[in-house]
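For the record, the sequence lines run as chains A and B.
All residue numbers for the first sequence refer to this note's numbering, where the first residue is 1 and numbers rise by one.
All residue numbers for the second sequence refer to this note's numbering, where the first residue is 1001 and numbers rise by one.
Incorrect hints may have been included.
Quick list of simulated restraints, FRET-style, between CB atoms [what the hints assert, rightly or not]:
#1 B/D1240 <-> A/K140: 47 to 53 Å
#2 A/K232 <-> B/R1358: 52 to 58 Å
#3 B/G1190 <-> A/I231: 28 to 34 Å
#4 B/G1046 <-> A/K124: 30 to 36 Å
#5 B/D1128 <-> A/E35: 44 to 50 Å
#6 A/L239 <-> B/H1388: 23 to 29 Å
#7 A/P130 <-> B/R1221: 19 to 25 Å
#8 B/R1358 <-> A/D103: 32 to 38 Å
#9 B/M1392 <-> A/W236: 30 to 36 Å
#10 A/G129 <-> B/A1249: 36 to 42 Å
#11 B/R1189 <-> A/D103: 24 to 30 Å
#12 A/K56 <-> B/K1158: 29 to 35 Å
#13 A/D42 <-> B/E1191: 50 to 56 Å
#14 B/I1254 <-> A/L239: 43 to 49 Å
Quick look at which bits of chain B chain A covers, simulated, 3 or more residues with Cβ under 8 Å [claimed, not checked]:
#15 1202 to 1214
#16 1323 to 1333
Quick caveat, the hints were computed from the structure, so don't treat them as lab data.
All C-beta atoms in this analysis are idealised placements derived from N, C-alpha and C, irrespective of residue type, glycine included.
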Amino acid sequence: MLDETGSWCRLCEVKRISAVALGSIMSFGIVSAREPANSIADLVKLETKVSQVAAKTMSATVALVSEKTGSSGSGVLVTADGLILTAAHVVQGMSEVDVYFPDGKKWLGKVLGANYSKDIGMVKMIEAGPWPHVELGESKPLEAGDWVVALGHSAGFDPARTPPIRFGRVMSDGPGNFFTTDCTLIGGDSGGPLFDLDGKLVAVNSSIGWSWKNNNHAGVDGFREDWDRLIKGQTWGTLQMNPLANPETPVLGIGMGMRSRAKGVPVQKVEPNSPAAAAGVRVGDLIRSVDGEPVREGSDLQQVLVKREVGDRVKLGILRASKSLEIEVELVKREELYKTR
Amino acid sequence: MKITQTIKYCAILLGVSTLAPAQRGKDEVPLMRPDEKKAVDDQTFGFNKALEIAVKDASKSTVLIWGRDKKPRELVYGTVVADGTQVLTKWSEIERYVDTLYVQNGSGEAAKAVVSGIFTDEDLVLLDILGESFAPAKFYESQLPLGRFLAASRPNGKPGAFGVVAVLERNLREADRAHLGIMADSKYRGEGVRIANVQPEFGAAEAGLQAGDVILKIDDRMISGLQELRNALSGKQPGDKVVVEIESAGKQQIFEVMLSNRPVFGQFSGGRLNQMERMGGDTSGVRDGFSRVVQTDMQIKANHVGGPVVDLQGRIVGVTMARADRTRTYIMGSSAVVDVLKGEADTLVEARTKIGLRKKEMAKQRLALLPKARSQGKARDPRRMRRHLSDMERLIERMDSEMEALGER
Chain A
1 MLDETGSWCR LCEVKRISAV ALGSIMSFGI VSAREPANSI ADLVKLETKV SQVAAKTMSA
61 TVALVSEKTG SSGSGVLVTA DGLILTAAHV VQGMSEVDVY FPDGKKWLGK VLGANYSKDI
121 GMVKMIEAGP WPHVELGESK PLEAGDWVVA LGHSAGFDPA RTPPIRFGRV MSDGPGNFFT
181 TDCTLIGGDS GGPLFDLDGK LVAVNSSIGW SWKNNNHAGV DGFREDWDRL IKGQTWGTLQ
241 MNPLANPETP VLGIGMGMRS RAKGVPVQKV EPNSPAAAAG VRVGDLIRSV DGEPVREGSD
301 LQQVLVKREV GDRVKLGILR ASKSLEIEVE LVKREELYKT R
Chain B
1001 MKITQTIKYC AILLGVSTLA PAQRGKDEVP LMRPDEKKAV DDQTFGFNKA LEIAVKDASK
1061 STVLIWGRDK KPRELVYGTV VADGTQVLTK WSEIERYVDT LYVQNGSGEA AKAVVSGIFT
1121 DEDLVLLDIL GESFAPAKFY ESQLPLGRFL AASRPNGKPG AFGVVAVLER NLREADRAHL
1181 GIMADSKYRG EGVRIANVQP EFGAAEAGLQ AGDVILKIDD RMISGLQELR NALSGKQPGD
1241 KVVVEIESAG KQQIFEVMLS NRPVFGQFSG GRLNQMERMG GDTSGVRDGF SRVVQTDMQI
1301 KANHVGGPVV DLQGRIVGVT MARADRTRTY IMGSSAVVDV LKGEADTLVE ARTKIGLRKK
1361 EMAKQRLALL PKARSQGKAR DPRRMRRHLS DMERLIERMD SEMEALGER
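With these hints in hand, go ahead and build the complete structure from the sequences.
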């Protein structure tokens, strides 16, 4: 038996083909959320905004450098008294870090907390300031097609240039607090800011995949959830590139049975104290849809869930003893149900 | 459950020291939902349609350059200049085909072309079109500010790539940067920068600095580490003099050092690696050392550089010079292009002599640095090992993409 938090390799080819067929059903409601780009006039408007974002945010985009380890990442100031948001892996193993501003000036920062599961971390300037800083935006409302601007000290701090600007859009939302854009990133950009077109911070840069379109960012709303712990200097979580194994990945708390001829996911186990158990999901149920979206097999279910957030309520379409019923379940963090190492 | 296919989630963290090649996955963006794919695909379609208007005129001045060895090969794009009888393009991409060149515009008109002159230092070449003339580019000379939208044109009237100005115009030439002429000791953990090696005939050596000295100050600036040293020198020109405060055997001393040109052989670039990186064709073979370029985030194919770049108003604001890596494409702004065209070009013989000499010089400098590095325990230096590792990783990536390219044929 495989539980729903198992390894990623279970996503198989068949599922992908079946998923394509669903495309047209779900594409409503997204169009209105982003600025149009269908004419030169549209593009001129976008261009003006991108230039404004660059001008507004550049001075708050810093490089975080450790002379001792030779590592170099980026970060962004968000308060006048010098609070810096960055990626957890940028400040891994450091208590202090050199903070370089685009003008080449160096200051010292104290490393505060980090949540490795979300790849978010905080640094505080030692000097009181006031420092140049950016406003916080929101990451949860972001959807595929939303325009964004990324900055970062690519390939390490370079006094001969300012941090390069990259313009792109959200490609895919999730998993969890992460999302993907086509703003190309490279080593050194980690922890650097991603802005919406108003110049508000929506994420920090986290990781990349092979494709130029696969650049991953940790949403700013993830910082909000963990704000107090990070400020206090707590460090927790696990760096996990596999989203299904991430301790903060949202789960139902069921074990999935073997695939049968029927389309759906058989429930073979219900974790005690899980939201699935509380909502009345039973062993033997066949999960056939999530929020109306058909799931044909385990990998479909995994892919749907990994894109949701903890606390979201999902409606499971279930077949039980030849009868259809709907059960609503609130998703919890994987680490709350399963021991993670 | 049957496992039909393994798909690895391929993401890698972005710390400079941790950049590693990801396992190549099936999907460009894993976990992308069909509705998301549709949203961005529709958006891309509308965006490119809009850009077609901007590149319309420029595409008439964009040509495809062909060469022939066993069979005809599409080499790179070019920009029609002067009165329409000349083409400016990327020298390193056509160098091997100088006797078999022809150019072709979007309407399919083709003509033989020969080398007129080479701007070796900028990796540009001017070709004469024989017996034919095309629509020449009208260069619009203006500053390119941060965030400016840019599109590269193709001969077929379509945009080849889109990008924004990522970094203002700058000089990438290492040789034009001010340099003390030292190698830093990477194992040193104290304040300042300890000298591992002074390079003979450079400023530091001439002034009397020695291996083991610790640099504490440049002019009035405290030097806490290597990055700070680089920053202190970044505003200076070769030939400038700086006051260097050092500690030597417990004693503080002051030296005046005249800054040198940086050696052509940059700190850690490798000719061998450059060669290998050309495999797969993802990045341009020559992608550095330009004297006046604007960095953009354009994702242009390496064999689509050489053509004009327009702004949203359709004005030609530059030409594409090189796809440098995942995040960078360099373009030369129109003012710089016009200046280059006004300057004196090298002949074929001169250009090849220059390149030959440069390679020799690089080899010499590399040899000069090697013995010392080895004696310091080259193999155990973690920074060097990391560099080797990342070199290897890049090679593997190249070979991987080469294999992939072969598979697609």
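Okay, the hints, checked on the actual structure:
1. B/D1240 <-> A/K140: 47 to 53 Å: holds, 52 Å
2. A/K232 <-> B/R1358: 52 to 58 Å: Between A/K232 and B/R1358, where Cβ atoms are some 56 Å apart, the hint holds.
3. B/G1190 <-> A/I231: 28 to 34 Å: For A/I231 against B/G1190, whose Cβ atoms are near 32 Å apart, the range 28 to 34 Å holds.
4. B/G1046 <-> A/K124: 30 to 36 Å: violated, 44 Å
5. B/D1128 <-> A/E35: 44 to 50 Å: Given a distance of about 46 Å, which is inside 44 to 50 Å, the answer is holds.
6. A/L239 <-> B/H1388: 23 to 29 Å: With Cβ atoms ~24 Å apart, the hint holds.
7. A/P130 <-> B/R1221: 19 to 25 Å: holds, 24 Å
8. B/R1358 <-> A/D103: 32 to 38 Å: holds, 34 Å
9. B/M1392 <-> A/W236: 30 to 36 Å: At 34 Å between Cβs, range holds.
10. A/G129 <-> B/A1249: 36 to 42 Å: holds, 41 Å
11. B/R1189 <-> A/D103: 24 to 30 Å: Since B/R1189 and A/D103 have Cβ atoms about 27 Å apart, the given range 24 to 30 Å holds.
12. A/K56 <-> B/K1158: 29 to 35 Å: holds, 33 Å
13. A/D42 <-> B/E1191: 50 to 56 Å: Between A/D42 and B/E1191, where Cβ atoms are some 54 Å apart, the hint holds.
14. B/I1254 <-> A/L239: 43 to 49 Å: holds, 47 Å
15. 1202 to 1214: It is violated: at least three residues are needed, and the stretch 1202 to 1214 of chain B offers just 0 whose Cβ sits closer than 8 Å to chain A.
16. 1323 to 1333: holds (count 4)
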